[in-house]
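Protein chains: 2
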Amino acid sequence: MAENIVIIGAVALGPKVACRAKRLKPDANILMLDQQELISYGGCGIPYLISGDVSDPDQLRETSFHILRDVKFFKDCKGVNVLLNTRAVAIDRSRKKVLVEDLKDGSKKEISYDKLVIATGSKPRKLNIPGEDLPGVVAISSLKDAIQIREGLIKGAIGKVAIIGAGAIGLEMAEAFTEMWGIETYVIEIMDQILPGIVSYEMAKMAQHHMEKQGVKFFLNERVLSFEGKEKVERVVTDKRTLEVDLVITAIGVEPNSQLAKEAGLKVTEWGGIIVNEYMQTSDPDIYAGGDCVAIPNLVTGKLGYFPLGSLANRQGRVIGTNVVGGKAKFDGAVGSFVIKLFDLAVASTGLCPERAKREGFEAISAFVAQFDRAHFYPEKEMMFLELVVEKDSGRVLGLQGLGRSKDAVMGRISAVAGLLKHKVHVSEISNLELPYSPPFSSAMDILNAVANTAENILSGRAEVISLREFSEMWKQKENFLFLDCREWGNAKTYVEKYPEIWKNIPQGQLRYRIDEVPREKKVILICNTGVRSYEAQLILKEKGYNNTYNLQGGMAAVKEWGLEI
Amino acid sequence: MAENIVIIGAVALGPKVACRAKRLKPDANILMLDQQELISYGGCGIPYLISGDVSDPDQLRETSFHILRDVKFFKDCKGVNVLLNTRAVAIDRSRKKVLVEDLKDGSKKEISYDKLVIATGSKPRKLNIPGEDLPGVVAISSLKDAIQIREGLIKGAIGKVAIIGAGAIGLEMAEAFTEMWGIETYVIEIMDQILPGIVSYEMAKMAQHHMEKQGVKFFLNERVLSFEGKEKVERVVTDKRTLEVDLVITAIGVEPNSQLAKEAGLKVTEWGGIIVNEYMQTSDPDIYAGGDCVAIPNLVTGKLGYFPLGSLANRQGRVIGTNVVGGKAKFDGAVGSFVIKLFDLAVASTGLCPERAKREGFEAISAFVAQFDRAHFYPEKEMMFLELVVEKDSGRVLGLQGLGRSKDAVMGRISAVAGLLKHKVHVSEISNLELPYSPPFSSAMDILNAVANTAENILSGRAEVISLREFSEMWKQKENFLFLDCREWGNAKTYVEKYPEIWKNIPQGQLRYRIDEVPREKKVILICNTGVRSYEAQLILKEKGYNNTYNLQGGMAAVKEWGLEI
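Those sequence lines, one after another, are chains A and B. In terms of the numbering used here, the first sequence opens at residue -19 and continues consecutively. In terms of the numbering used here, the second sequence opens at residue -19 and continues consecutively.
Since the hints were derived computationally from the structure, they do not count as laboratory data. Given the structure is predicted, the values throughout are model-derived calculations rather than measurements. Please note: incorrect hints may appear among the correct ones.
Chain copies aren't distinguished; within one or between two, either way the pair holds.
As the list claims (entries may be wrong) - Keeping only pairs whose Cα atoms sit at most 25 Å apart, straight-line, the calculated SDA-like set for lysine to any residue is: (1) 361 / 323; (2) 361 / 385; (3) 404 / 172; (4) 124 / 359; (5) 310 / 402.
Bound-form chain A, shown alone (with noise of 0.2 Å):
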């Protein structure tokens, strides 16, 4: 008798499981359930839609040769059979049934099932304050939630956004409402930090400094305590300020939507994600999870982590859709690749950050540096920085962030990476990282290899170097500092004329003859370009007994894309 498959749950995971075993084992009955009337559509698309430009909330249903993906697709297409506005209630781990509910009618029914997969994905964080209820307070969750936005943003009904949370999809919709729509936008963010976690203070601070260039507004280390308005919501309330709003977009994350498994007795962890084991199976073997309501490995901490990415849920999908039919396939964890566009930037990351590599325990040291993303005489190129996190003692690479203009490029530098950081390499590895070289897409070095050669320099105590956070602390106190720039006269004058008692410019070449114009009881910032130059002549430095520099990792390149005014 043919085996029965339900899946609970239709949106990324459970179409991928449910079309994989299809074919795999075609005389597989199989049953995927959705309690929405729109399945199968490309979540991370909202914001684009939103921005309109996904013109058709259509376009996220279909595949890449505009077929739509509903129920008769499934049925004809890919031989699976679907259930619209049907909830799962109660799943029966004993009879092997579950008890579905119509939503439409109120009916209850058991469904069988031989494998049953839980693909009910993630539910948005909740504020829990005052008004979080208002109509106009939203928590884009759905497709259905951005159509309606999308709806009133067509009939020109909003005017002033308040979007809070910083991360990836606030950060999204500020952009979508920005660029297209040129609405007043607020982004306010508990932390210190857009995108935190993510990606450091640096180039968090580069990525909003681009942003606010674009006018979006941005209220950082703020609380919001309550929503307020009559009908719908008017004003949001922050611990320091009130906004005029017509629109909220909560965005503070989400969280495993597992409360089906809980009952079950399915083992969870703490913060609600279904345990699974490699292979994608809960604590009860006949039942699979996948997607962003599991907790898998992060194969950089070694500890369980929350994932919810539509890029893990494809391939947890497939492995699922091959282990349901009698495979073997694994999935063994994720380092937390990640990429976003920001107006004409490409932000990117994988593995740690500094600061989360901090708070997961690990002794690290960060590199940064500056540098263009392609051989610097060809005529194209972009400014890149990239930013590698390596454990101290051990040398292993922990994870990489970049920034840039060239966005495939940075997306490129960090997909180098992201694949090596579970086999623990050596930084000496990325040091000598055989990326393709020619002139219109790499340097001879490139950046990647350059960012490995820093961090490595640091490690052995060679280059001793201050971030870009370090820099703007001791801008405040700048009288107690000189400031040696080793560029060409031609850079540095302004600089020089504006500040002439803590200013100083020696280029590096004349370094060697002119070495005892450098003071030694004062601590010495050295700063060039990139950061290239003044670790040259900081080692110049150090040969003639100088114990006082500190070379500014990024340079002026960095402090100008970050928007310090200096």
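Using the hints provided, position chain B relative to the given structure of chain A.
What follows is chain B alone, placed relative to chain A:
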């Protein structure tokens, strides 16, 4: 007493060694010598100098901050001494001295070394045919050659160019001549494809088709017999034709410049590559060598290989720089990563292409996939083509090639795999590879994951595929096959109407209901836009006992890109 480090050769590896060593050991005496007047230039930029993208030869000799890397630069900025126009004549290993000749006055002297570095690079391979020494037959092997050709172009003295060899340099030169100068450009190649040994026949055909559309003329499978002319070259004579030309560029590859090493009794391979260990030491531990003159391990095949690439020279240079001052850095080998811009296309590769894998004795399959390079609902996207080569029994990934119009995106996919090859990863690791995902950058199931999934399906025997090359052969006897078009009628119409006897349309979604229309006695070639729906169709047919189906990898997208007229 400070150590004497002598470096023979000052183009790519030499300067890297010198600067790194000096940084690590500021009191070392470092002397670099070169027979040329121009040193430390970006040789890989020469095609862009010819094309005019790089407007001034000095740009190839400048740092990113526009300082010319001349003798004064090395002295002042780097603390390194340089002797120009100086040829190393012999190495006396027992006395640790190099005999050098001043090429300006012919005088000779001996220079003592504690550590010696051989960075003598490569020389162009010769055709050894009549007329090779005629003026106007040039193997661009130095910046000086390039400058001369450029002067000829500016004067308008060149109307027709023949390039011998369709490797990377030949093709870059072909683009340079065609695009910028509108010169009639012929590329003559003895093999049956361009980029032989680097990308598959299929990808080579696609790239060739693209270049032909830009006006480059290719003559493959053709042997050059002689060059003819009175005072300068006027004709190229091949085994198939005679071409009138004003200039000939020979670009049939390079070979190690290792005569000096050989005469000093150092071990070299039979093809002339200086043998070095993982510290880049030659058979004499006080003599190091690197760059285009050495043999290094191919980390895919495990054999010694030849990788004359500026990128590797730089990485090896840093390793040698560390080791000549007492460090223990390692360089374990290369996988052969490659990228080239050909007009609007990027073609990239890492590891082995199918043909090369076979030649190296691997039994391998290759999966070929066409897919958009980012979310298909995102408005800006391009078709990308990837080909993954996997060892049959072990499932080990041997190589990846890519082609597409979003150039950095192609490079990024190749980079993502480049570093993994030496870890001998299984194809399932690429299936689950965690690239950063966001719709403007990638797909939830990225093309890189997709090509690995396809490879797994081929390895398991589920997917039975034909390559574009096989398809093109079958098409010559098309009456023997049924071409089953699994797309919607709108796409299939043209072909059904043109070839009613052999081209049949059953959209994949209708196949379950119309399966009896498919004949069992004829070979059925399954076709869709990219190979995805036709794979689905294949599984439906196989379930019903059809064992006569073959899925065209890459589908009509690949047919179109290759320029096959059907």
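Right, here's what the structure says about each hint:
Taking the closest pair of Cα atoms, residue 361 and residue 323 come within 25 Å of each other both inside a single copy (18 Å) and across two copies (17 Å). In the homo-oligomer, the alpha carbons of residue 361 and residue 385 lie at most 25 Å apart both inside one protomer (9 Å) and across protomers (17 Å), since each shortest distance falls under that limit. Proximity of residue 404 to residue 172 under the C-alpha cut-off of 25 Å is found in neither arrangement, the shortest distances being 31 Å within a copy and 42 Å between copies. Proximity of residue 124 and residue 359 under a CA criterion of 25 Å is satisfied inter-copy only: 21 Å between copies versus 46 Å inside one chain copy.
In this assembly of identical chains, residue 310 and residue 402 lie within 25 Å of each other by CA distance both inside one copy and across copies; the values are 15 Å within and 22 Å between.
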